[in-house]
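Chemist: Protein sequence lines, in the order shown, are assigned to chains A and B. In terms of the numbering used here, the numbers along the first sequence are unbroken and rise by one, the last being 582. In terms of the numbering used here, the numbers along the second sequence are unbroken and rise by one, the last being 196.
No wet-lab data here; the hints were simulated from the structure. Ideal Cβ positions, reconstructed from N, Cα and C, are used throughout, including at glycine. There may be inaccurate statements among the hints.
Stretch by stretch, here's where chain B covers chain A in the computed footprint (C-beta under 8 Å, at least three residues) [unchecked claim]:
1) 404-418
2) 463-469
Computed, partial: chain A to chain B, Cβ under 10 Å [to be verified]:
3) 25
4) 28
5) 360
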Amino acid sequence: MTALIAGNMAPLMFCALIVVLLLGYPVAFSLAAIGIFFGLLGVNLGLLHPSLFQALPERIWGVMSNDTLLAVPFFTFMGLILERSGMAEDLLDTIGQLFGPMRGGLAFAVIFVGALLAATTGVVAASVISMGLISLPIMLRYGYDRRFATGVIAASGTLAQIIPPSLVLIIMADQLGKSVGDMYAGAFIPGLTLAGLYALYAIGVTVLKPSWAPALPLEARTFREANGSSGTTSLIVLFIVAVISAIAFAKYYYAADAPTDELLVVATSVGVGVAFAAAVINRLFRLSLLSRIAERVTFVLIPPLALIFLVLGTIFLGVATPTEGGAMGASGALAMALGRRRLSLALMQQAMDATAKLTTFVVFILIGARVFSLTFYGVDGHLWVEHLLTNLPGGQLGFLIVVNILIFFLAFFLDFFELAFIVIPLIGPVADKLGIDLIWFGVLLGVNMQTSFMHPPFGFALFYLRSVAPVKDYIDKATGKLTPKVTTGQIYWGAVPFVLIQVIMVTLIIAFPGLVTGGLAKKAVIDTNKIQIEVPVEEQHLPGSATGQPSEQEDAQNAFDRAAGGAPAAKPPAKVPPGSAQ
Amino acid sequence: MKILLALSRLIDGLNNLIGRNTYWLILAAVLVSAGNATIRYAFNMSSNAWLEIQWYLFSAVFLFCAGYTLLHNQHIRIDVVTGHLSKRAQAWIDIFGTLFFLLPMAVTVMWLAWPVFVDAYQRHEVSTNAGGLIVWPARLMLPAGFLLLVLQGVSELIKRVAFLRGLIPDPSEAHETPSAGEQLAEEIRRQRGDMA
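Excised from the complex, chain B in its bound form (with noise of 0.2 Å):
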């Protein structure tokens, strides 16, 4: 068990690290997006690459931080029924749709986007667009962000045994950082000083 947890510690540090350096892309494609508005009106001018990289930086970002979105269990779950259950009970369930649900989902689409890929390297698939890019940078972030989400649920899966066998503490928990509402609210409260 030590083994495995220390896995699941170098896991999360790997997609803790990948998604605090991916985030970045958010802000570079707000500046491509609007740059290519602007460029386009001021001097009529427009490029297909300079409009796919938008494209890719967004697929970056969604798929490079499924795994960073699941450690900080933001993946959204309709909890009306079992919200109020035992943490323990939440912990079995957990695992069990790590099991059946994620893993299988994951791997299969991993399976079925390398060959994509593999293709696409192959054959230097271009964009059919004129002057696009190359497409397989793309068509490898498929696989790699899934890998990275089937990683994420191994040590997820890892954390629900370790806490039901009493190793741990709640790993739901454990990874919680104010939400932007709190941190709002916060900063409101600050200038104002004057709230109960």
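Bound conformation, chain A alone (with noise of 0.2 Å):
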């Protein structure tokens, strides 16, 4: 019997695991006590040696020091006081004005706000409670399919999840031991990709069923010039100054050798700036050179783009790290909502209460699980799961297919912390070891994962619009219309043309690596930068290392480039002297 058990600690652990896990108890203190029961069981049957608890502490210690994960909070804070400052209902009023003339113009709007609001901060609540409450009573009223409507709300809310800055990239590169700016450069066009594939589905719909997706009508149509035109010519010509300022400015002011990236952030921003400019002017002095719609478009889409600068744009320009992108941004939020008056001591005490809250939960997870794989690594658990995994018929195909479907089936049950702690550091290394390129990999499982959002019966995203969505049968308020309530049927059956759209980009980016290897190659361009430089330091790091202790020379080392961190490379970072990385 005790043999039997030596024999087969890993497999016996895993599947206490599960059994305790579905007890329903907080997940990271049963995944703590496992990792401590195991450890004395395995230290009495002489398998692990008594000091490996000595190690405990160091390894709450790695994460107390990871700088990396302090990027939770504050995204998560961002989120909370952004989505509190009415820059979402302002941008799907607009937007929602400007394409509801055409025919599935709503859908497009919302597709196209819920990509804008996932690249200036990534919470998904926020995003679907926003467009239930002041799209869906628009598209319901004009007659929209419910499933359809209610799809690709849900569907354009979790974009958040993928599209950078998102919390689910800067987990899965903590926990994959990579960069996060590189994750994030990865996963720029699968993002974007994504929400095209929404609005070709959205387009294939209007297409085959018109129904579906009516256009707004003339009466609801609020930006009008006084000669009855839309005013998007204006705003069309408005949008090509723009753009041919920005590349003259590329071609001829800036220096040819310039990074791709940094040419993209500051050639767009000029001509962004081209553009606010022409409309504050034309307001100023009541010019009526653009019409209403340009000129309100502009001045709405100017406080998120501005947003994006300060996260993503510091980032990639290498004066921000990730983390400090979040900082950025956060400030730039409470900046925003205190001049749109809408910041008080409350609110600041509920985004900093909820902040607190998931921070803590997230990362006792990740603490419950670096305790379970203290002693599930001591006990060659890694060794099992690899064992396990690297046998698979068909190599690299056949790992991938069976980690993707495995991850697909476990986002019905599982949250996506659950599964970024104690899924990913099981197969993350078994990936590495199979050759596979780990950002590569981790935009791959984030994109899989963004379906936990969307699965009927469990998905957050459904759960979100089903709490906003009405319940029962209302009288429209524009119309004076009995409108029927939304069914949860409804809500279920829209997610799936979309659930089957992400199945899809999956396939995508495991038929077409270049979708995220592409954004790298254009990155590495300025890895002179150094916008991250973790990558050394935590590729020691990775969940495979079975000691998690790390040396004082690492820690040093990693000071060293965390102060390092953003400085342009021919500058040497200040107050660091010579000997500190020894």
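Each chain sits in its own coordinate frame; assemble them with the hints.
Modeler: Given below as structure tokens:
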């Protein structure tokens, strides 16, 4: 009996974990307790050295001093302040008016605003709730198909999970031991492609089922010129002028050898600046050169674009580390909420309270997982998992297919954080051993896990949408007509086509790795800028490393890197004497 | 039981007090971190102490809020299987989990982390980074945070037992505050005033 236990510690531990997690007691404590219990058992059976437990405080210390995870509270706080600043409402109203006159226009507006909000911060709940309260009633009013309307809202809300900056990518980078900056660069094209696929589906609907997505009727269009035109020509002209000035600036004024993404950030800023200046001048001098919609669209797009610049722009320019980018974004969101007179002490407290709780439960799952893995790796659990997964038929592809199917189904039951902290550390090292690029792998799993927000019946996005969609028939205020409620079945069925699109996207990334690595190749040019320099250190900390005990040398190296992070490579960072990184 | 319930209320009060004061450190961390990036870019200056303060603040938040988060039942659970059980059954699960998972684990960590702090304090351990901070306050946060967690575990245990004996209403619902999402929805509804 003892021999049987001793010989199968890893599988036993794994089964115990599953049983205990299903009990429904908080995951963090169950994980840690299993780790400690099996650790004691292992010591008693002579499988583990008693000194194993001495490494435990150091493991938690490693979590405490983890700079990457610091981004979790920053981006959460930013999102919570931002969602109450009214920015999303303005965007949805204005962009809805802009696209509304087209067939399927409201759906395009939802996708566009969803992607834009996703690029400023990453809170699925906020996007879904705002769209569910602002866009859904309008879509219902003008006869959108209910499944299509709810599906497009839930799906667009989940874009926050994959378009940088997102918590998913930060935690994925941390768990795979890669830099957040690379993960962001790799996720950009897949994220936008996914939004594009949603839009493609919406176009398909307007062609095949025009009655599902009608255009807004004339009386619902509020931005109209005195002569009755919509004013979009003026907007298109303004857009073209902005694009031309951006390209001209890039060509004639910027250093020819500048790295691509730095150029992209600066040129875009110039283009946006030109449009903004035009709108401001038009407004101040009452020139009436721009139509109302052109002016309005410019003004509502400035705040999200400014925030995107603050967060992603500073990261890609090498001014800030991804963590600091989060802090910049949070400061920007605070300033914006203050400027719009939406910031109050109560709001600050609510946001900090929610952030503190989220940060705590996330970090505690990680602490639990690290205590668990201390024992699990001690009994060679990682070798067991590796053995299971490397012996799959089909090599790399077989592994990828099995892992993706596994994650897809686990996502029905597990939250993203649980998947990231429990499952990723087990499969990450195997992927690495099979020669799979971990950035690519992380983005792939990120897209896959995004479906966990849309799976009926547990998907969070569906849950949030349900919480704000009308639960009983109501009289529409604008038309006075009795409008039927939105049923839960409609929300579930609405999500199905988008879950399928998600699966297609996963397949696309496997078939065309260039979608991810293309973004990285461009980025490699500015690696000299050393945006995030944790890679060499973190790789030694791969979840697979059994000791988890960072040496003091590594710590010193880490701090040196942090101090250097973001500073241009040519200028050595101040205040770091040469001796500190020995 | 009355004394125990009083103890439980005392612990709840303590963790609420600590939690509500600790969360301000998030704002401090945001400002420090944004300041670090700005100053480094503008003046090409960087200080290891200021970089380290960031994660001291971060650690303080999640360690000192551990008990607070448990009090508000925000530590994440997988409730697909047991979510449909009766309140009493769930109270039994919580009692079992607190006794066999939470308390042993938190006490073990406290036990192991305390000597590390004592060592750091006696040696006046300073961060290995040039110009870094002294280490012992951070080393102390670990056992202190887990102590708050242990205390809250005891309080939760008392409340679950009292609930099973019919002395108090279901404690898992006592501290529910509206979520950020609910507050957002309410705000939008108030401003629009046109929702069903």
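Chemist: The structure should be examined with respect to each hint, and the outcome stated for every one.
Modeler: Evaluation of the provided hints:
no.: 1; hint: 404-418; verdict: holds (count 5)
no.: 2; hint: 463-469; verdict: holds (count 3)
no.: 3; hint: 25; verdict: holds (3 Å)
no.: 4; hint: 28; verdict: holds (6 Å)
no.: 5; hint: 360; verdict: holds (4 Å)
Checked against the numbered hints given earlier, this structure breaks none of them.
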